[in-house]
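Colleague: Below are the chains, spelled out letter by letter.
Protein chains: 2
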Amino acid sequence: MKFACQQQELSTAINLVSKAVSGKTTLPILSGIYFETKGDQLRLIGNDLNLSIETFMDANISEQGSVVIPARLLTELIKKLPNSSVEIDVSENNVITINCVDSSFKIVGLPGNEYPELPAIDDQNSFEIDKELFSNMIRQTSFAISQDESRPILTGALLEIENGKFNMVAIDGFRMAIKRANVKTALSNKAVVPGRTLNEINKIISQVDSKGDLKISFDDKQVLFTLDTLKVYSRLLAGEFINYTQILPSDFKSVAKVNSDQFLTCIDRSFLMARENKNVAIKLEIKDDLIKISSSSEMGSSMEKVSIELEGNDLEIGFNPKYLIDALKVIDSEDITLELINNVSPCIIKPIDHDNYTYLVLPCRISK
Amino acid sequence: MKFACQQQELSTAINLVSKAVSGKTTLPILSGIYFETKGDQLRLIGNDLNLSIETFMDANISEQGSVVIPARLLTELIKKLPNSSVEIDVSENNVITINCVDSSFKIVGLPGNEYPELPAIDDQNSFEIDKELFSNMIRQTSFAISQDESRPILTGALLEIENGKFNMVAIDGFRMAIKRANVKTALSNKAVVPGRTLNEINKIISQVDSKGDLKISFDDKQVLFTLDTLKVYSRLLAGEFINYTQILPSDFKSVAKVNSDQFLTCIDRSFLMARENKNVAIKLEIKDDLIKISSSSEMGSSMEKVSIELEGNDLEIGFNPKYLIDALKVIDSEDITLELINNVSPCIIKPIDHDNYTYLVLPCRISK
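Line by line, the protein sequences give chains A and B. Each residue of the first sequence is one higher than the one before, counting from 1 in this note's numbering. Each residue of the second sequence is one higher than the one before, counting from 369 in this note's numbering.
If we strip away everything but chain A, and leave its shape as in the complex, we get:
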């Protein structure tokens, strides 16, 4: 195997696929990046058996072949080379020689034919979506994905497509984030995608300079994201996701309209005091045209006031401030509504400008 390519392009391709290379794999071959010549293209793969990333790049190929090169060393080395032509020559015993201007490296690699095959995914069950919209859906929901491995299904987000409606839903047992979008597809499908996959997709979308839409394809166990020549394969989480529509409350007794930024900064400050405590809860007193936000700990106490427009009953209710902050940071709307029933039922936070986002958060007990 022998090829030459530009340092900058090689570095970009390596950076993309290396996101799927785990630092702590028990299979030595998976700590490397797979290189393979395909006609006049170079194919690169990173794979940790849960997530695989494949990309193609142009190269001047003089000898076909494949090899696996240690990812960490290669990534840093190529990054530090000058932006010039890089020549890579792989010997029969998988020793990789890299030449660039006055630099020369030999790296001990592994045979390409021992690298695991990528899964095959049927292209039939697929739809396309604007990549920025998809990125935004991840940004507005992924923080509510559970980190608790004891309920594996909640460590992913539900991707639900039906009748041209596409919902992304994340639940961690204390709050739920739902983001809705319209897509042009007749596909009907439900799948739970691991949180890590979505976070990596989000990073990739921000890095790849592609004009086309993102294509998402499903089979029973896998999902494939395609962006130009870049492919991200991920296993799906097995099991039934929570029937989330059943959780959504109605018959609200109090609806408060509040400025999102003001509400966020006040809760942010209350959190400083509350976090000194074991019970991190803050208290919201919703009454007339004000929310009073208070917190206390052995260090002291805080009191904030925010103007609101209230319809319905007064209410005193406690929340974990972190759960409010997470949502308020990602809602793209000047004003939001808080929809409440009583101090033990879930609260709904929505942007006022549009109905494509719903955040549910459970209240918590406050000491009187």
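Heads up, none of these hints are tricks.
Here are the simulated lysine to aspartate or glutamate pairs, EDC-like style, with alpha carbons at most 20 Å apart:
#1 B:Lys651 to A:Asp102
#2 B:Lys673 to A:Asp102
#3 B:Lys697 to A:Glu76
#4 A:Lys106 to B:Asp636
#5 A:Lys106 to B:Glu644
#6 B:Lys392 to A:Glu298
#7 B:Lys690 to A:Glu76
#8 B:Lys673 to A:Glu87
#9 B:Lys392 to A:Glu276
#10 A:Lys24 to B:Glu644
#11 A:Lys24 to B:Glu666
#12 B:Lys599 to B:Asp416
#13 B:Lys621 to B:Glu677
#14 A:Lys257 to B:Asp470
#15 B:Lys448 to A:Asp261
#16 A:Lys106 to B:Glu666
#17 B:Lys533 to B:Glu500
#18 B:Lys448 to A:Glu276
#19 A:Lys106 to B:Glu653
#20 B:Lys448 to A:Asp326
#21 A:Lys79 to B:Asp636
#22 A:Lys80 to B:Glu644
#23 B:Lys660 to B:Asp703
#24 A:Lys329 to A:Asp268
#25 B:Lys474 to A:Asp268
#26 B:Lys447 to A:Glu276
#27 A:Lys322 to B:Glu444
#28 B:Lys646 to B:Glu666
#29 A:Lys287 to B:Asp470
#30 A:Lys305 to B:Glu455
#31 B:Lys625 to A:Asp102
#32 A:Lys79 to B:Asp629
#33 B:Lys655 to A:Asp102
#34 B:Lys447 to A:Asp268
#35 A:Lys79 to B:Glu644
#36 B:Lys660 to A:Asp102
#37 B:Lys474 to A:Glu298
#38 B:Lys370 to B:Asp408
Hints are computed from structural coordinates only; laboratory data are not their basis.
Assemble chain B onto chain A, guided by the hints.
Modeller: Quick look at chain B alone, frame taken from chain A:
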């Protein structure tokens, strides 16, 4: 005690003094910031008994007094307040009430009269220096200060003033950095200032927007840095510093002139391969008009070539690449010289443009 001031000014002052507040003090009062009214000024102090920082700021004072306020909570709280007037009112039992627009906080403080006194330092033994120059002296030497507590004197840098010459010297047993400057003073003094103090001074210089010079005052056990109304007190390290001029070699057999950036990038890449090894050494083959830089590990090997102008003998010598990188990063000169005797004697690195900087580094054994 009662005063009002601007949020931004208060936040700036708190940030400065909090650098001397340790998070892990065993004396609760030292985890706070000392506030005291002084006429129409507010005095703030942070102190961890090794390092103390004092600053003054304008405030609208309506009741004189002093108090100690928990540093971490206060710093974050004031930072997150709107840029408006902040009113602070301290009760007899040291409860601090902070009001700003619609926010109100109560923080449990400690009595100001229990806060330790700042050391008195005689102003006689002092000199002034341009603060950017002093900052640069720290930048070019502090990385060579030892982190090893077993030889306490080397965890600081020597500040040596005589006949208008000011030298800063740091040694860690493997390398030595010497930076020289001219100052207008008749003072003759030697003192060893802890590395942490110098690093904090450097941060402060970059943050404080003052026009005047930095004043440095010594007594036997303390040093005081004064920048406008800001004062940084630090204990000095006790003991005799190494007689560093004795270590400086002469009678060089090989002197190589090399481009600093090129040399740095080559060593940087060699380091990537070498660090996979227990023996991190890289090999320099200095011959004719080239330095060949090579490294190897079980992952592979590297070879770099850099053009030089050599006077004297060819030489093969090994170095810890990290020690070369540290120095090459801070030398402000397009070209440098390497001055060598043989492969077991110290090597001197100097900028070619000026003679105010000398870096000494010990070679290390290389496997043949």
